[in-house]
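Protein chains: 2
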Amino acid sequence: MRQHAKLNFSLDEYADRLDKTRAAMVTKDIDCLVVVDPSNMGWLTGYDGWSFYTHQCVILQHDQAPIWWGRGIDAPGAVRTSYLDSDHILGYPDYFVQSDSCHPMDHLSGVLTELKLEQASIGVEMENYYFSAAAFQSLQQHLPAARLVDATALVNWQRIIKSEQELIYMRSAARIVEKMHAHIYNIIEPGLAKHELAAEIFYTGIKGVDEHWGDYPAILPLLPTGMDATAAHLTWDDSRLKAGDITFFEIAGCHRRYHCPLSRTISLGKPPQKYLDAEKAVLDAMHAGLENAKPGKLCEDIAIAFYDRLEKHGFNKDNRTGYSIGMSYPPDWGERTISLRRGDKTELQKNMTFHFMPALWLDDGGLEITESVVLTDNGYERLANVEQALLVK
Amino acid sequence: MRQHAKLNFSLDEYADRLDKTRAAMVTKDIDCLVVVDPSNMGWLTGYDGWSFYTHQCVILQHDQAPIWWGRGIDAPGAVRTSYLDSDHILGYPDYFVQSDSCHPMDHLSGVLTELKLEQASIGVEMENYYFSAAAFQSLQQHLPAARLVDATALVNWQRIIKSEQELIYMRSAARIVEKMHAHIYNIIEPGLAKHELAAEIFYTGIKGVDEHWGDYPAILPLLPTGMDATAAHLTWDDSRLKAGDITFFEIAGCHRRYHCPLSRTISLGKPPQKYLDAEKAVLDAMHAGLENAKPGKLCEDIAIAFYDRLEKHGFNKDNRTGYSIGMSYPPDWGERTISLRRGDKTELQKNMTFHFMPALWLDDGGLEITESVVLTDNGYERLANVEQALLVK
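Order-wise, the sequence lines are chains A and B. Remember, this note's numbering sits 5 above the position in the first sequence when you count from 1. Remember, this note's numbering sits 5 above the position in the second sequence when you count from 1.
Honestly, I wouldn't trust all of these hints.
Said to hold, decoys possible - DMTMM-like mimics (lysine to aspartate or glutamate), calculated; alpha carbons at most 25 Å apart, straight line:
no.	chain 1	residue 1	chain 2	residue 2
1	A	K11	A	D21
2	A	K247	B	D215
3	B	K121	B	D36
4	B	K11	A	E194
5	A	K11	B	D250
6	A	K11	B	D368
Since the hints were derived computationally from the structure, they do not count as laboratory data.
Could you put together the complete structure from these sequences and hints?
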């Protein structure tokens, strides 16, 4: 392992992550893990680059350092950003890229065979953006004697409790998202075009605040207005805001790949009574939910308390109301482990981090007032400090 | 089909796309196509949203309008952005999202069964970011009598020749990337931090130029300096530029999801002779390649002419030197069809569009001077007009 300036964590912290992950491999009888999720690759090795659009992975065994495997032209990126020695960085030839006659995973099978893993128990992330059906077929075909085991989210689950250094980065992201929301409120007005507003959001988020420089968020800004806000995930166009418009801003600050998502909603002028009622309901229900945000409670406790209180106000929500957050790459800033919803009986622990997401998508618009929190010894701390309200300007 | 303000193309153009795609389905004996690639979904139906982090698709049959299927909270987004009638927009319940006890594709199997397709020949995009190994397994398990056929890139291949309206959008994207490069050159100087530069690039790209408003590019800005530029896909941090630094900017303008990628390299001060030699080699070899950019030639003709000329200058490149471009979503702005490399014998045709990408990643830095082009009746047109040089400031 090589310490160098670009590493975001100490070698000890990376070693600890490897230990945890290997222990989880043992419980599933996995000899070797093929880690394709870019956030898992980065969490285990430090690797960081926009190279996930071609196949790549970290090969993790029990008895030797991880191996980075990817496209040849990206191997120097692993040298630059990870702690791996160059003999643990393997590039495949470029003719494998987006070819219809061969698949990069054909090459990986050769690598695994050279490592004498052709009869091993190999964990793969079956449910991942970066492990396609064709990737799996290639491994099945070229490693017929191996046992391919579903290891979806095995590494993600090791990430749910954050280290102090991770929390430092998430607090940096919180400073950034605070500034983003303050800037939005400052400049929003009738006549402003949505793409101009989006440009300002990007600028503020990437510039960051003092030493808290902005990295790119894993979900780009969502800022739908009016009827567009009946949908959860629309981005922007060049339409101009008008008096009376209600817009939600689902955005995140990001620092060294760590996220602090936070949504707020702004009304240009006095909002209709329905939205004031919705605001009251969401805030009250959110606080009811957050009363359960403490070690010893279950994830679903937060959600159920929220749903129940919301219903008393005459509003309904049947979709999940939050998820674990931390390090991520596009297309999702969630950790894809814990969900705040009925049935998730994960016990809450100190230093878990969530985006509590009590969004309402109504029949004529949307309302998002959300919080990112870290659990403390006996409660929670809001990561960012932005007024909890349907903001009016 | 519903015409509305957000549609970027006429209903006739969408109808034509459906016709082309259905004809391609016939050649593969496909009754029903399950289209998960977000750019294919958008190209076929107009649908646009950052919802691809949960499973979704367009179901395309021969004898009825396409059906959008996705997460319930995203269904209103399909109403807002696609031409589909509401009875062709199907949402699945939220408990399927990122669950470890059920998979959204279990629900899709139910939908396909209701459509009496449980014994049909169903095309799936086996090699796609948005078709995981687990998604395929779910369909196999729940549709045992169906014939699942690999339809990877079937829709993408229908997109390789651009319509006039698509070219209008790509030219808008070209105006944007021209402005981005002009702005970078204006502000770059020793002392500027990389994230500040990235913030300016985002601002310029999203704000756009006049009516050419900026959409988000499918690859975010890459701007590695010095040794970091030995790698192909690093993004940025907060390090400050110094006199003598050489930085490449791999960026794209984007308008209504259509891209014009363009890379340039800037040296702060006189570059070393090696880079001047590399510049000369790349430009000469690029022009040799582009002499073959005309209908009737093959894709590999461009690449081979480039490689051969480059070698005469004493430089080598063994990775692909370009690809088809157009509409895209993260994580890749390429169309994942044509590659400019040896062995790609696709015949060039008018209105194909490429990012010709003769990048060199050397042992102490990188040089990228690229062009996005559209093929004309007897040659090519550069989409963007930015000085073809290793720029010095």
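Against the structure, the hints come out as follows:
| no. | hint | result |
| --- | --- | --- |
| 1 | A:K11 x A:D21 | holds (19 Å) |
| 2 | A:K247 x B:D215 | holds (20 Å) |
| 3 | B:K121 x B:D36 | holds (11 Å) |
| 4 | B:K11 x A:E194 | holds (22 Å) |
| 5 | A:K11 x B:D250 | holds (18 Å) |
| 6 | A:K11 x B:D368 | holds (19 Å) |
Of the numbered hints listed earlier, not one is contradicted by the structure.
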